[in-house]
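Note that the protein sequences, when read in sequence, are chains E and D.
Each residue of the first sequence is one higher than the last, beginning at 44 in this note's numbering.
Each residue of the second sequence is one higher than the last, beginning at 3 in this note's numbering.
Derived by calculation from the structure, the hints in this document are not laboratory data.
Just so it is clear, the structure is predicted and the values come from calculations on it, not from any experiment.
Treat the hints with care, since some could be wrong.
Stated by the list, open to error - Chain D regions said to be covered by chain E (calculated; three or more residues, Cβ under 8 Å):
no., stretch
1, 138-145
2, 270-284
3, 296-303
As the list claims (entries may be wrong) - Below, in silico cross-link-like pairs of lysine-lysine (DSSO-like), each with a Cα-Cα straight-line distance of 27 Å or less:
no., chain 1, residue 1, chain 2, residue 2
4, E, K109, D, K92
5, D, K293, E, K109
6, E, K273, E, K259
7, D, K293, D, K210
8, D, K189, D, K92
9, D, K189, D, K262
10, E, K72, E, K109
11, E, K206, D, K297
12, D, K381, D, K262
13, D, K301, E, K109
14, D, K400, D, K352
15, E, K109, D, K210
16, D, K173, E, K206
17, D, K189, D, K91
18, E, K273, E, K206
19, D, K40, D, K262
20, D, K400, D, K40
Note that CB positions come from ideal geometry on N, CA and C, so glycine has one too.
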Amino acid sequence: MATNPQEWREETVRVAGTDLTLLQGGTGKPLLVLNEELGHPGWLRWHSELARSRTLLIPHHPGFGKSPRVEWVSNIRDLAGFYARVLRERQLRPVDVIGFSLGGWIAAEMAACDAAQFRRMVLVAPTGIRPPAGDIMDLFIVTARAYLDASVHDIPNTPEFAKLYGGEQTPEQFEAWEDARAETARVAWQPYMFNPSLGPLLEGVVGLPTLLIWGKQDKVVPVSVAEVYKKSIAGSELVVFDGCGHRPEVEKQAEFSERVRRFLA
Amino acid sequence: MHIMSFSERAYIHVPEDEIINNGSSYFGVPNTFFDPQKGSKLLNEYLDERVYAEELGFDGVMLNEHHQTPFCMGSVMDVEAAILARITKKVKIVLLGNPLPVADPLRLAEELSMIDMISGGRLVPGWVRGAGSEQIANNINPAFNRERFNEAHDFIIQAWTKPGPWRYEGKHYHYRFVNPWVLPLQKPHPQIWIPGLISPETVVWCAKHRYPYVALGTNLEPTLEMVNLYADVAAQEGYQAGPENFGYLQNVVVAETEEKAQELGRGFVYGGGFGAFARPEWMFPPGYNSKEATKRLAKAFTDPRTGTEIIRYTQGAVDIEEVKRSIDKNYISAQENGLIIAGTPKTVLKRIRYMLETLRPGIFGTWYHHGPMSFEDRKTCLRLLGQEVLPAMREMAKELDLPGPYEQKPGIRPLPASGQRNPVVGLAAMAA
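Let's have the full structure, built from the sequences with the hints guiding it.
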């Protein structure tokens, strides 16, 4: 799955009352990476780019196959509380964070509760807010493959698309997706991928530099959600890539990595 | 033997092409294809057929429940059951089954109690997890399907047997006040039968609860394995399983001539039949399957021999004529392996006898209709089953010693003194 296995290592740590498996790679100040609803997509080029100046900490969410399920986690706010406890116990506060899709929602919930646990926050097409126009694409009534296909706007011109999740649908990958989908269902079945209280709770969050990144042609989380986030988080900056779907980190890799690097510097 | 009559109460007027066009899936066919006039007529005919089955001497009329699909219009089966409770006199009303995870268990306990009361104690409740698509149709989190099933089951038994009022704080259900006034007439509660598609987890659960397990038209060989698994668990639990613990639902269509029966029998594979119940992504929503079942599925989905077939159906770009040819082929093979029996009473009895000899069930359901089949043909089929097949089956059951659960209470046969259980499947099956 890795382009260069030397770049990262996997380890399991005892934290927040459970075993949490996480990938670590790179050098420099830690950057917490919160994965999306299909789990860790593999070590990609943007990981390598950022790992030059940051130590990436990429946990496998509880229940997503590699880390065991945590029974008391039953919604995204619980998961946000779980990661708050992880930061506390690992003495990582305040940390920089980047969250993708569902992972962005987790980060936003954490910020709404206690913005001081982060130094800077990057949200990449996060779920969590009900779109003012359109719906968030429903992962639960399509196959993981169909969901993945919908996440990139221009597949033929996105070479790295073929590398996502190892490229091929092996039985192991199928199982990993089913684990991810099952756990996502446990925490985000309904309302689907949003929390009505998140918007109001984010309002008034100050002093947390936030970068929002979206693809204009996002078919998973409509770009209309971006405006709500931008309005809710004071001083946040929004970057929208044209000709781009739900995965700017893959579809606009170079520009994406550069923007994030500059923002975190 | 308990012999019961069953059909899905299908909405039979959707063109076959539309089911195929929908990714070979009944679930998800747009409801613009539903004509209320035709639907109303069918629902009433189906009730009449159950009254007729009683007149013909069937022991039970079996109902089931599916949601948002032309495959089965009985989306709230308890409504049909309540009507039958009043307009029939002696048949058992066998509900196989209420999908527990999508129900409100307290309300279900009350509904079933009312049906038992009104019918004078003729209710046989049965419970299922519900197909994957039922979780979507009812918006119930599939990741908690098994947990909800178990909790709802335990709750209903308590609601029927534990004097109220009491408070209930569970994981998925919470009730401030449990004191249902109308309770089942049958004491301590009606017999519970569990239908299924031979998932090992459910078979083991049934054996532990001493509930009869009814396999729904499954392949004979794995069904025999499940019967043996049940009997093994029963032995561990300290009892000998017998015919009263097992049931089988058989597709069987009967007509005056072989030709007519062949024509009608194709209805069982109409649009793809049960294989086209719902697309894979709806059959297996997230978390619905156990880890073991997901592993089996992972192999099937990624195996180039089966995976491409699944994906082809899923993606929708299909050659309708090609799919129909494959349906016709399936119809032939389903008859060859006995999943569908179509013929005159004389010819179908041969296969039924073989099933009784090998599986040794104490419950036998005859699923007599699916697909486009006129009311007249359905009644003729029922009449031939009732007048010619049923009496012969009763003789066979006597000869083969196949008591049903109302002749021999399930779960109380002692194990032999050796502690080793006796065989439960027939000699023919064991020789094979």
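So, going through the hints one by one against the coordinates:
Residue count for the stretch 138-145 of chain D with a Cβ under 8 Å from a Cβ of chain E: 5. That meets the three needed, and the coverage hint holds. For the stretch 270-284 of chain D, the assignment as covered by chain E holds, since 3 residues bring a beta-carbon within under 8 Å of that chain's beta-carbons and 3 suffice. Figure legend: the stretch 296-303 of chain D, annotated as covered by chain E; annotation consistent (6 residues with Cβ-Cβ distances under 8 Å, at least 3 required). With a C-alpha separation of about 56 Å, the suggested pairing of K109(E) with K92(D) is violated against the 27 Å cut-off.
Proposed proximity of K293(D) and K109(E) is supported: the alpha carbons are some 14 Å apart, at most 27 Å. For the given pair, K273(E) sits about 15 Å from K259(E) by alpha-carbon distance, which is consistent with the 27 Å threshold. For the given pair, K293(D) sits about 21 Å from K210(D) by alpha-carbon distance, which is consistent with the 27 Å threshold. Under the criterion of a C-alpha separation no larger than 27 Å, the hint pairing K189(D) with K92(D) is consistent with the structure, at around 18 Å.
Restraint check for K189(D) and K262(D): not satisfied, since their Cα atoms lie roughly 46 Å apart, outside the 27 Å limit. Simply put, K72(E) and K109(E) have alpha-carbon atoms about 25 Å apart, close enough for the 27 Å limit, and the pair holds. Between K206(E) and K297(D), the direct Cα distance comes to roughly 23 Å. Compliance with the 27 Å bound is thereby established for this hinted pair. For the given pair, K381(D) sits about 14 Å from K262(D) by alpha-carbon distance, which is consistent with the 27 Å threshold.
Restraint check for K301(D) and K109(E): satisfied, since their Cα atoms lie roughly 20 Å apart, inside the 27 Å limit. Using a Cα cut-off of 27 Å, the hinted pair K400(D) and K352(D) holds, with the two alpha carbons roughly 16 Å apart. Between the alpha carbons of K109(E) and K210(D) the distance comes to roughly 33 Å, so the proposed pair goes past 27 Å and is violated. For a cut-off of 27 Å, the pair hint linking K173(D) to K206(E) is broken: about 41 Å separates their Cα positions.
Distance hint between K189(D) and K91(D) is fulfilled; the C-alpha atoms sit about 20 Å from each other, no more than 27 Å. Pair hint K273(E) plus K206(E) does not hold up; C-alpha atoms about 32 Å apart against a cutoff of 27 Å. At most 27 Å may separate the alpha-carbon atoms for a hinted pair to count; K40(D) and K262(D) meet this at roughly 24 Å. Proximity of K400(D) to K40(D) is assessed by CA-CA distance (about 42 Å); at most 27 Å being required, the pair is judged violated.
Hint compliance for this structure: hints 4, 9, 15, 16, 18, 20 are not met, and every other hint is.
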